[in-house]
Amino acid sequence: MAIADSSDPTEHDHPSSSSAAAAARLAPRRKRVWKANKIFRNQLKFIGPGIVAAVAYCDPGNWATDLEAGSTFGYAHLFVILSASMMAIVLQVLATRLGYVTGKDLAQHCRARFYDRPTHTKLWRWACLYPLYAVCEAGIIFTDLAELLGSAIALKMLIPRLPLWVGVLLTSTDVFIVLAFFNSYPEISSRSRRSMHIFEFSVSILVLIVLVSFIVLIVNVQPDWGDTFRGYLPSRTMIVNGGLYLAVSIVGATVMPHSIFLGSKVAISDRLKPSPMEDKETQLGRSPDPSTSPNLSPIQQSGDLPSLQIARAAGLRLHQTSPVNDYVSSVEHCKAHLAHASFDVAISLFTLALPINSAILIVAAAAFYYSGSDGPSQVADLASAHQLLTSRVGVGSGYIFAIALLVAGQAASITVTLAGQIVSEGFIEWRTRPFVRRLVTRLIGIVPSAIVAASVGPQGVDDLLIGSQVALSMVLPFVVLPLIIFTSDPQTMTMPNYHSLPSGSPIGSPTTTHPTKPPGENENEGSLALMSSNESTFENNLATKIIVGLIFCICCVANVYAIVQLAQGRT
1 MAIADSSDPT EHDHPSSSSA AAAARLAPRR KRVWKANKIF RNQLKFIGPG IVAAVAYCDP
61 GNWATDLEAG STFGYAHLFV ILSASMMAIV LQVLATRLGY VTGKDLAQHC RARFYDRPTH
121 TKLWRWACLY PLYAVCEAGI IFTDLAELLG SAIALKMLIP RLPLWVGVLL TSTDVFIVLA
181 FFNSYPEISS RSRRSMHIFE FSVSILVLIV LVSFIVLIVN VQPDWGDTFR GYLPSRTMIV
241 NGGLYLAVSI VGATVMPHSI FLGSKVAISD RLKPSPMEDK ETQLGRSPDP STSPNLSPIQ
301 QSGDLPSLQI ARAAGLRLHQ TSPVNDYVSS VEHCKAHLAH ASFDVAISLF TLALPINSAI
361 LIVAAAAFYY SGSDGPSQVA DLASAHQLLT SRVGVGSGYI FAIALLVAGQ AASITVTLAG
421 QIVSEGFIEW RTRPFVRRLV TRLIGIVPSA IVAASVGPQG VDDLLIGSQV ALSMVLPFVV
481 LPLIIFTSDP QTMTMPNYHS LPSGSPIGSP TTTHPTKPPG ENENEGSLAL MSSNESTFEN
541 NLATKIIVGL IFCICCVANV YAIVQLAQGR T
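Take the sequence shown: its letters are residues 1 to 571, numbered as in UniProt numbering.
Any given hint might turn out to be false.
Cβ pair distances, simulated, as ranges [unchecked claim]: (1) Ile39 / Val456: 52 to 58 Å; (2) Arg25 / Gln222: 49 to 55 Å; (3) Arg236 / Val212: 33 to 39 Å.
Everything labelled a hint here was simulated from the structure, so no lab data went into it. As the structure is a computational prediction, the values presented were derived from the model and not from experiment. For each residue, glycine too, the CB sits at the ideal point set by N, CA and C.
Please work from the sequences and hints to get the whole structure.
Below, the structure is given as structure tokens:
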């Protein structure tokens, strides 16, 4: 019988068998290509938030410190820029994870943690919440000052006869007009998704203009690339003869507090198409809510779920995985989303913010430190940098420098205004129209800038610009510490894996349940029995906790050092 089977004529159909074998060999390759193509297409959906975050790391405050470092110490501080950029990437990724996993931004988490404490409620509010809000709001104001002043100085470079205070008013007005056209960002709904992409595309164009401008400037100044790349290695030069103070200034100017708030808010929007198991209406057993945006994170939906009501009626004690709201989501979907979002943030900062800051220092070093027959020329402010660049490299380079500064200041000012809106909404739940919120945020920054520009002139503007960077470095630890606490908290960053309940149950368990019934009571109650689920935590692991702890310590030590230097008269 076996012999007869082996002589089956179909077994000897060589063309068909060979084609089948070839198809079998190609199947794994096709599957890999299809998977890679899918990953690439999904990644394209995440382009935008990382670029918006990168804008904050290219603001005029960074320009001032990078120009001074390059003109005074050459390429030595490129290592500091690289290190500060790595710190910024870590913090922005943490902000992204916090926003998507919990569906709340950093400001909302601070309010949820300190506003309604079970004991000493008012003490927690007035000792923790409101002072923290005041510090963060001050950081927004000082950041906005830097952007407004930098943009006004750029206008003064392009139009020398323009009064500086008029430049402050002009640069603040056009930013407000731009934001008026995108009054829903970063609150995204199905109707405003196109607006979201247009806004992020517009910001991307501004960042690319700055990057291209400095590429042209680098070509014009012709740096020594051997010395340039050696600058990314640590050296003694960056800490001697005042170099350490500049290194501290670079760290303080690079890691921006407002970008952390903005990053945690933008991350909430769900940019991946949910899988069928994540259909919230099906899982929750309720009709769709038209007010609920399908583009928001599935975790962002609030309200008691049917299973929670059943559990509470049955006397079960529930462990909520989020202190802010109950949610239903797929852990697999969340992991995929975080992978794409984190990659977007990291690659945007590494390919945009780091090259732009490096280019600023490289241009300053090549044009002012290594160029000129009279030796190095230290740059004290943005205006003198423009004048030296024009005289040593050419008028065209001076115009490119001014245009890049103007665009960088405008782009950064847009993100600062958005961050101010997020901070006020999250900490104090200031609910009003975006138009009104942004108008108030703009006025808070415009008034002191215009007064200083009109009363004391360019020198006063430079002093105010430097002072704003010092103030920002003081604010940074108060933003980094809550971020570390929340992302390291297992209760905040834990999600359940859902399992099917018995047929009588309405949905799978959205939280981990801990029965508290006394022994001997019936444990099998049909639809009232909630199955415990395995939990997936997105809290910081030990290595991440060590890294972010070191970042926090560096920020604190840098602040103490800066305060001591300022007390001794170092400016």
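Hints and how they fare:
Evaluation of the 52 to 58 Å hint for isoleucine 39 and valine 456 yields a pass: the beta carbon distance comes to about 55 Å. About 53 Å separates the C-beta atoms of arginine 25 and glutamine 222, a value consistent with the hinted range of 49 to 55 Å. For the pair arginine 236 and valine 212, the supplied restraint of 33 to 39 Å holds, since their beta-carbon distance comes to about 35 Å.
Of the numbered hints listed earlier, not one is contradicted by the structure.
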